[in-house]
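Colleague: Okay, here's what each chain looks like letter by letter:
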Amino acid sequence: MPDATVTLDALLAPYVELQRDALLPALWEIQTAYGYISPLAVRAISRTLRIPEAEIYGVVSFYSMFHQEPTGQQVVHICTDPACGLKGADDLLRAACARLGIQPGETSPDGGHTIVRSSCLGLCEHAPAAQISRRGADVRSVAPVGDVDRLLAGDAGPRPTVIGGEVRVLLAGEQCQMLDEYGDYAALRHALQHLDPDRVISEVEKSGLVGRGGAAFPTGQKWRFTRQASEQPHYVVCNADESEPGTFKDRVLLETRPHLVLEGMALCAYAIGASKGYLFVRGEYPEAYRTLQDALAEAQAANLLGKRIMGSEFSFDIELRRSAGAYICGEETALFEAIEGKRGYPRMKPPFPTSQGLFGKPTAINNVETLCAVTGIVRYGADWFRQFGTEKSSGTKLVSVSGHVQRPGVYEIVPGLTLRRLLEEYCGGVTGTLQAVLMGGAAGTFLKPDEIDVRLTFEDLQAIGGTFGSGAVMVFNETVDLRDVLRRLARFFQHESCGKCFPCQLGTQRQLEIVERMDRPLSGDYERLRDIGLTMSEASLCGLGQTAAAAVLSALRKWPELVGTS
Amino acid sequence: MTDSPQTVRLIIDDREIAVPEGTTILAAARQAGIDIPVICHHQATTAQGNCRICVVDVNGRRLLQPACSVVCQDGMVVETRSERVVRSRRTILEMLSASVDLSEAPDIQSLLDDYQADTARFPEAARRRYPLYDDNPFYVRDYSKCVLCWRCVQMCGVDAQYTFALTLAGRGFHTHVSTAFEAPMLETVCVFCGQCVGVCPTNALKPKIEYSLEQGQFFDKRSE
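The listed protein sequences derive, respectively, from chains A and B.
Going left to right, the first sequence walks through residues 1 to 566 as this note's numbering numbers them.
Going left to right, the second sequence walks through residues 567 to 790 as this note's numbering numbers them.
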C-alpha cells in the first residue's frame with residue numbers, strides 16, 4: 001500500500017454499522033487515501049458494508065474519478081469539452097503529457113503525475129480548466145490554467161467568481177455568504193410560523209416556478225404529488241450533479257449561497273412531509289462540496305436544521321453525497337441509484353420519483369436553482385415572484401455564458417431579455433464575429449446569428465425549435481470549426497452514456513465515429529446520422545439518450561454542408 | 567369477493583383487445599397473436615427495458631414505449647409497426663450487428679431479415695472484441711458475442727441465484743459483463759449453477775462440452 005500509516009481497517013472503521021448507501025463515501029475514502037481502489041480494498045469494503053465484491057467493482061468501474069490501477073501522487077484531469085476546447089485545452093493536454101513523456105491516461109515514470117482527459121468540469125467561464133487530486137488530500141480545481149508548470153506543481157491560484165445581470169434575487173455577491181452574512185432562515189421561519197405545508201405548495205404552484213435543471217417540470221405539482229403519496233417516509237433530494245457541458249450556474253450558487261440551497265431543501269421537506277434529505281453534488285465540484293460541509297455544520301449548530309427546528313415540531317436533516325464523475329447521475333433516477341450504492345443506471349418511468357424515488361419511497365428531487373428560487377416565493381409570495389419574467393417563464397433565471405464573449409460568467413436575468421442584449425450588453429459583446437450559439441449545453445440546440453433576437457424564455461425558445469434547458473449559452477465566433485465542436489459533443493456523449501439501453505449505448509458510439517470523419521464523409525453519412533439521432537431521440541430509455549443527438553441533429557438542419565448530403 | 571382484476575380495453579394495430587389490468591402491451595399483443603420482437607426480455611428475469619427492440623407507438627406520443635414493461639390502459643391506441651417503430655428497430659439492429667458477433671444468435675438473425683437490416687450499414691465501426699474466457703470446467707465466455715441483455719447478471723443476482731459472481735462493468739459502448747476485477751471464474755463466488763448459460767440468447771455463454779466438441783476436441787469428463 002502506498003501509505004502504510006493509513007490502514008484499510010482504520011479508514012473503514014466509521015462504516016462498520018452502515019448500509020449500502022455508504023458505498024460512495026467509502027469508495028471516496030479509499031480513492032483519496034491510496035489514489036486508487038485495489039482488489040484488497042474492494043474486499044474490505046465488501047466485508048464492511050456486506051455488498052458483493054463484483055457489485056462494488058461494477059460501481060468503481062462506472063465512475064471516471066475512481067481508478068482501478070495505481071495512479072501518480074497527483075492525478076490531473078484536463079477538460080477538453082467545447083468551452084475549454086476553444087481556449088487551447090488540447091494544446092494544454094499535449095504539453096502536459098509531453099513534459100512527462102506520457103500519453104493521456106498514463107502515469108509518469110517517477111510516479112508523480114497521472115494525466116487524464118476529462119469531461120466538462122463545470123468551470124467553462126474560466127476555461128481552460130483542470131482539476132487535481134493529490135493523494136491523501138482534497139481534490140482542487142485549477143482554472144484558468146495558466147501554464148503547464150504551475151498546473152503540474154498543483155498551483156491552483158485564485159478563481160474569482162464572475163457574476164452579472166440586472167437583478168440579484170438568487171445571486172448575492174462574489175463572496176461566499178456563510179451564516180453570519182446570510183442570516184436566519186427567514187423564509188423557513190415564516191413558513192413554520194404562518195404557513196401550513198399545503199399553503200407552501202399552493203404558493204409555489206401559483207408562482208409558476210418550473211424546474212431549472214433543464215426539464216422545466218412545474219415544481220409545485222411535483223411537491224403536491226409527493227406530499228399526497230401514501231408511502232412513508234418521504235425524501236427531499238437536491239440534484240447538484242450539474243454536469244451539462246457549458247452549465248455552471250449551480251456551482252456558483254453552491255459556492256456563494258450554500259445556505260440558500262439548504263433553506264430551500266428545508267422548505268421542500270416541510271411542504272412534502274419529509275424529515276430526511278440528500279444533497280448529491282458532482283465529484284468535480286470539490287470547493288462547493290467543502291463549502292456545503294461547512295454550511296451544513298453551521299445550520300445544524302444554529303438549529304436551522306436538525307430536530308425541532310427553531311423550536312417548532314418540524315425536524316429535518318440533510319446528508320451530503322459526492323458523486324465521482326458520471327454525467328448520467330444527473331438524471332434523477334440514476335442519481336437515486338448512485339446514492340443507494342449501485343451503478344448509476346436510470347430506471348424506467350413510471351413509476352415516477354414522486355411515488356417511488358429514493359429507496360423506493362416518494363421523493364421530491366429538485367435542481368439547486370429551483371430550490372433557491374423557492375425561498376423567495378415562500379418569503380415574499382407568488383405575486384412577488386411573478387413580477388419577474390413572463391406568464392410561462394416566471395421568476396429570475398440564471399444563465400451560464402461561456403465561449404467567445406468579453407465577460408463569460410453567470411448572469412441572473414429576467415426572462416424576456418433577448419439573447420442579443422445578453423451577449424452585447426451584459427457580456428460585453430462577442431469577441432470576433434458571431435458564428436453560432438449553442439443553447440442548453442451538449443443536449444441543446446444551435447442558433448444562428450440571425451436568431452439571436454429571440455427572447456430568453458422557455459416558450460420563445462421552444463417556438464423556434466431551440467432549447468432553454470439549464471440555461472447554458474455557449475458562444476462561437478467565426479474562427480471556430482463547428483465540426484470540431486460537434487466532435488467534442490459527440491465524444492462527450494460517447495464517454496458519458498451509461499450503456500444501459502441499446503440505442504444510446506450503440507448510437508453514441510456510431511454517432512462519434514461518423515462525426516469524427518466529417519471532413520471526409522462517406523456516402524450516406526447524413527442519413528446514418530439522422531437515423532441514429534432519431535432512434536436515440538425516440539427510443540432511448542432516459543433523457544440522456546433522448547438528447548444525445550440533439551445538438552448534432554440541430555447542426556445538420558442548420559448547416560447540412562457540415563457532413564455533405566448524398 | 568370482488569378481487570378479480572379489472573378488464574382494460576385497448577386497440578393494438580387496429581384490433582380491439584381486452585386484457586386484465588396490469589397486463590403489459592407485450593403480453594396483450596402476444597395474446598392476440600401480434601408479434602412484437604424482443605431481445606433482452608425473458609420470462610425469468612425482471613424487465614429492464616434495455617434493448618428497446620420492443621418499442622411501440624402509444625397514443626402517438628413523442629417517445630416510443632417499451633412494450634415489455636408498459637402496462638395496458640383503457641383507451642390506449644398502440645401501433646406495433648409504425649414507420650418510426652420500424653426505423654428504430656432496424657437502426658438498433660444495424661448498429662448491433664456492426665458491434666457484436668451475432669453468428670450464433672438465430673433469433674436476432676431472423677430479426678435482421680425481418681427488418682431488412684443492412685448489416686454493412688455502418689462501415690469503419692468499432693466492434694466489441696474480447697478474448698474468450700476458457701477458465702473453468704463448465705462453460706466458456708465469449709463476450710464478443712454479448713449483446714448486453716443483462717440476463718446472466720440478473721440470474722446470478724436477485725432474479726434467481728443470489729450468488730453475485732457477475733456484474734456489469736465499464737460504461738457506454740464499452741460496458742461488459744465481468745467478475746470482480748475480471749478474476750477467473752474459479753476464483754469467484756460462482757457456484758456453477760448454470761442459470762446464466764441457460765438464459766444467454768447469443769451463445770456468448772456456452773457449455774464447455776459443446777465448445778470442446780465444436781473445436782474438435784475430445785472432451786473427457788474425468789480429466790477435468
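Don't read these hints as lab results, they were simulated from the structure.
The structure presented is a predicted model; accordingly, all values stated were derived computationally and were not measured.
Mixed in with the good hints, there may be bad ones.
Quick list of simulated restraints, FRET-style, between CB atoms [claimed, not checked]:
(1) A/463 / B/649: 20 to 28 Å
(2) B/649 / A/418: 33 to 41 Å
(3) A/308 / B/625: 30 to 38 Å
Glycine included, C-beta positions come from ideal geometry on N, C-alpha and C.
Colleague: Now, for every hint given, state plainly whether the structure supports it.
Modeller: Results of checking the hints against the structure:
1. About 27 Å separates the C-beta atoms of residue 463 of chain A and residue 649 of chain B, a value consistent with the hinted range of 20 to 28 Å.
2. Take residue 649 of chain B and residue 418 of chain A: their Cβ atoms lie about 39 Å apart, and the range 33 to 41 Å holds.
3. Evaluation of the 30 to 38 Å hint for residue 308 of chain A and residue 625 of chain B yields a failure: the beta carbon distance comes to about 49 Å.
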